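All chains, full assembly: derive it from the sequences and hints.
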Amino acid sequence: MATTSMDLSSNIMDLPCEVFADILTRLPLKHVHQLQTVSKLWLTNISTPHFKILYNMKSMTRPRALVVQESDQTYSASGLGPTSRIITISTMDLVSDNIKIQRDHLSFKIVRREYSFRVSSNLIIFQHKVCNLMTREIINLPNNSSYPSFCFDVAYIPSTNTYKIVHLFRCNKIVGTRRVLEIGFESIILRDGGPIPTSWQSVARKEYFSYLIDATCVDGVMYWLVRMMEGTHIISMESENEEFLTISCPKGDDHTLFGQGQLADLNGKLCLAYYSKELSRMSLFLLKDRTTNQTWVKEYDINLSGMGDWVRIVGYVPLEGNNGDILINGKTPFCYNIKEKRGRKLQKSNVNYTCLYYDRCFTLERTRLPLPAMEPLRARDLPSKTSKCEIL
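In the numbering used here, the protein residues as written are 918 to 1309.
Careful, some of the hints might be misleading.
[To be verified] PhoX-like, lysine-lysine: derived pairs with alpha carbons at most 20 Å apart:
id	residue 1	residue 2
1	Lys1186	Lys975
2	Lys1168	Lys1205
3	Lys947	Lys969
4	Lys1205	Lys1215
5	Lys1258	Lys1215
6	Lys947	Lys957
7	Lys1205	Lys1186
8	Lys1262	Lys1248
9	Lys975	Lys957
10	Lys1168	Lys1186
11	Lys1194	Lys1215
12	Lys1168	Lys1123
13	Lys1123	Lys1194
14	Lys975	Lys947
15	Lys1256	Lys1215
16	Lys1256	Lys1186
17	Lys1186	Lys1215
18	Lys1194	Lys1248
19	Lys1123	Lys1090
Keep in mind the hints are simulated off the structure, nothing from the lab. All figures in this text were calculated on a predicted structure; none of them were measured in a lab.
Below, the structure is given as structure tokens:
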């Protein structure tokens, strides 16, 4: 007698709950979404907060790359940055033997502001809007702040399946003869399924620095690399309790030939990377103790000959055992294997940069500014087919 899909569903559901959940957490998220339609029982089990948290934590071990490409740039007469551009986001599997960019993409038309687009912790932020890449949802952030925006950063908190978005706002101050920025902080929490907060919550903290160099989030802690009057430091904030620390940068190494530094999450550790285009080398320091001794250890020196002037560390891609790749942006995306101590270049194309991305069971409110379903775009169709999110 032939086995029906209902029989198969019943047989699988006879498994212990933890075994059933473990099987599903190993699947790509699009397949999990498809399995929700098998039966009401499957939908109920897959929709529980417990399953979502379990799935999201396991997905942290299998990142993919988001490939960000810019096209159709137009410039003003002054030439100071593009007045508009189309940003197309695709995905790339990093653990496959045949690494190639996937055909599905999502496109945005960005108008006027050069620095209005940012990918952070799986979310796209642009001009007080947030896009969830998995669901193609867009929501408006609260716009009731009375301060000029400086930047937005995002932390994902796995234990609660929530995002915290931190808004940094600025006020110019004169200290002695130097102009510094007084930076204030306010935050909101995005919960799975909403509701979307209607106002920002003030964070009782002010910081003063000349400019922001870089930012990242590691294990729920936000880090900002800043230039202060006394030198370069790192400011950290715990996303759950909003406690701040100031962290000194590594000492004893000559960074005069290196850039200002870059921050990244390297296998759950804060990484501070310095790149020298003269030496074609990137030095990577890992923070071993954040709170007490603030100990930095120089872990890697990577030869990046032929990578060009603009080189940036992206993050860590775990492989089998204790092995893994360090993903680096440059003229061509580059993976450096920590066990073999050698690298390989990925597919060469008109890629502007890549960033890491994780399958994540999380939805925003679906009633606000939905994007149409993603579909492949041909070059000749791009102006008419692109989902336009104009920033005016």
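What are the numbers of the hints the structure violates, in ascending order?
-> 9, 12 and 13
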